[in-house]
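K.L.:
Each chain is listed here by its residues.
2 protein chains.
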Amino acid sequence: MKVGILGYGNLGRGVEAAVRKNEDMELAAVYTRRDPATLTIKTEGVAVKSTVDLDTGKEDIDVLIICGGSATDLPEMTPKYAAMYNVIDSFDTHARIPEHFANVDKAAQAAGKVGIISCGWDPGMFSISRAYASAVLPDGQAYTFWGKGVSQGHSDAVRRIKGVKDCRQYTIPVPEALDKVRNGENPELTTREKHTRECFVVAEEGADLARIENEIKTMPNYFSDYDTTVHFIDEAEMKKNHSGLPHGGSVIYSGESSDGVKHVIEYSLTLDSNPEFTGSVLVAYARAAARLNAEGVKGAKTVFDIAPSYLNLMSGEEMRAHLL
Amino acid sequence: MKVGILGYGNLGRGVEAAVRKNEDMELAAVYTRRDPATLTIKTEGVAVKSTVDLDTGKEDIDVLIICGGSATDLPEMTPKYAAMYNVIDSFDTHARIPEHFANVDKAAQAAGKVGIISCGWDPGMFSISRAYASAVLPDGQAYTFWGKGVSQGHSDAVRRIKGVKDCRQYTIPVPEALDKVRNGENPELTTREKHTRECFVVAEEGADLARIENEIKTMPNYFSDYDTTVHFIDEAEMKKNHSGLPHGGSVIYSGESSDGVKHVIEYSLTLDSNPEFTGSVLVAYARAAARLNAEGVKGAKTVFDIAPSYLNLMSGEEMRAHLL
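Protein sequence lines, in the order shown, are assigned to chains S and U. The opening position of the first sequence corresponds to residue 1 in the numbering used here, with each subsequent residue numbered one higher. The opening position of the second sequence corresponds to residue 1 in the numbering used here, with each subsequent residue numbered one higher.
Just chain S, with the same shape it has in the complex (with noise of 0.2 Å):
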């Protein structure tokens, strides 16, 4: 199976990881909108490219994995690519999502190609978990938890601060909210009763740091929902004990089968790596879309259209024997 990656950014290296660790996976090309000279990857022998060879469709790729973000690449991105292309995204701005799978369905389904959106760990893995369990107990509440992780959306909205060189934003579930849903109590929470932010900030020398903490803390949608910690620290030790991007969360959904009878089904990760464990997902998701299209399966399809058995390198019969 041949793959593409466009875009060699913190998930253009997960999903170039991934690839490795699949024995019927190989790297065709890393493709940039920059000067491909510029750019040098990890895995010998792999062209990179230029995004001027994808537009022409002619690329002997099987599918093509798209590593852009989700404001401003994606929504042209996948369309674009999924009438030339079997493709894959990432795409997670969650209001936008009917919309970008009808554009993508379009241009796949005139292209006769298949088109994932919206794949990794969440959306992903977690809409997995959340939609099984809703099926298997109709009667029942989701709740989803995040972290404890690093969040690049906050990490840079304080970094772009007056005054703060860098930071690190951990998002983390109050624990309280966490028994209160494991223990079946089905809680009403605020947000701010579900999760707690902690603040890694390098400042520029001589920078007022009660401002930046008031700023930070303050912060409408980011922060001023929530109960904030904010620490300085200096580079020495932002690069010491905070260079990763380890993330998780849960989803825990309680349900009853009947009067008083509780179950509850928790799904959890804890992930070294959130770029890398996302880029898994796409890659296990990019054989999906390439055996379906073999298929003769055309359109947009997301998590929930996509049987396990695709996914997994085993046959059915391997399946059976060893995961059943």
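Simulated from the structure, these hints should not be mistaken for lab results. None of the values given here were measured: they were computed from a predicted structure. Some hints here could point you the wrong way.
Stated by the list, open to error - Subject to a maximum C-alpha distance of 27 Å in a straight line, what follows is the list of computed DSSO-like cross-link-like pairs (lysine-lysine):
{"hint": "1", "chain 1": "U", "residue 1": "21", "chain 2": "S", "residue 2": "180"}
{"hint": "2", "chain 1": "S", "residue 1": "21", "chain 2": "U", "residue 2": "262"}
{"hint": "3", "chain 1": "S", "residue 1": "262", "chain 2": "U", "residue 2": "2"}
{"hint": "4", "chain 1": "S", "residue 1": "80", "chain 2": "S", "residue 2": "2"}
Claimed, not checked - Here are some chain S residues the structure puts well away from chain U; computed CB gaps all over 12 Å:
{"hint": "5", "residue": "40"}
{"hint": "6", "residue": "53"}
{"hint": "7", "residue": "76"}
{"hint": "8", "residue": "80"}
{"hint": "9", "residue": "84"}
{"hint": "10", "residue": "164"}
{"hint": "11", "residue": "204"}
{"hint": "12", "residue": "206"}
{"hint": "13", "residue": "211"}
{"hint": "14", "residue": "232"}
{"hint": "15", "residue": "312"}
Heads up, the beta-carbon is just placed ideally off N, CA and C, and yes, glycines get one too.
Following the hints, position chain U against chain S.
P.N.:
Relative to the frame of chain S, chain U by itself:
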């Protein structure tokens, strides 16, 4: 969707409860091998019928949920009725799954029906969890822990000992083993290191308790490979504290996306009632069986072959809006 239930033991009653929680489902009839006049079911206005009626192949049901035992009932019943109806079972004799799958497939293919086998929580939801995790992180290892929960097979085994009136056997994961696996240590664990067993036994008056305890602890296959604790209690305590059938467990998968970059995926169930939860899974997959067959699909299937969207009451649009 009209559902028939074959067999009205613990599992059949669990399915009956689950049907009531699904607004698109209607219990059409309960079928029994006994004299239907001797059986009273919980749902009012629903017929109890003989398997003689079922055997005509002319019952007006969209899917038959077969609630029999794996040892002798299901190997015979599921292929038999797959030749007449869409069927689903919870067959769990692991070594015989390939044979059972082949038999059901042959009958269902010939009849143009769908037969879903080995559906419940293990095999079933746990199998799905192993399949997704191993697809996403092929370089990894799955661990399955059961409990704390009542093992009916082990309880029955103790009841067969001379001098035992009743027994409830709990399977309990060893906390240290769980911790090691959750930490991503990928330990090699013996049977004894993974689970302990705890028996609550009501003995007949004057029975030799030391002999009973010894017979339990040394019983091959069931107990000899485990550390087992035996408590002798009276019937009142059995009824008060051990009348339920709680169960649950965890599939914990630990894998790497690149050298030294670890991820832990955990899927856990805490179930008030093993048969009601198993029944709930069967009902969700019964929906899938009928939907697949309506699309022209036929033959034997397992949970691996069925996309999450087929299980859920919601439409694709609703799922993308609310669950993705």
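K.L.:
All hints are to be evaluated individually against the structure, with a verdict given for each.
P.N.:
We went through each hint and held it up to the structure:
1. 21(U) / 180(S): It holds: about 24 Å lies between the C-alpha atoms, which stays within 27 Å.
2. 21(S) / 262(U): The given pair, whose Cα atoms are some 13 Å apart, holds under the 27 Å limit.
3. 262(S) / 2(U): holds (26 Å)
4. 80(S) / 2(S): It holds: about 20 Å lies between the C-alpha atoms, which stays within 27 Å.
5. 40: Correct as stated: the minimum Cβ-Cβ distance to chain U is 17 Å, above 12 Å.
6. 53: Per Cβ check, residue 53(S) is outside 12 Å of chain U; nearest 27 Å; holds.
7. 76: Consistent with the label, residue 76(S) stays out of reach of chain U, its closest Cβ about 20 Å off (over 12 Å).
8. 80: holds (21 Å)
9. 84: holds (24 Å)
10. 164: holds (28 Å)
11. 204: holds (32 Å)
12. 206: It holds; residue 206(S) is separated from chain U by about 38 Å at its closest Cβ, greater than 12 Å.
13. 211: At about 38 Å from chain U, residue 211(S) clears the 12 Å cut-off, so the statement holds.
14. 232: holds (29 Å)
15. 312: violated (4 Å)
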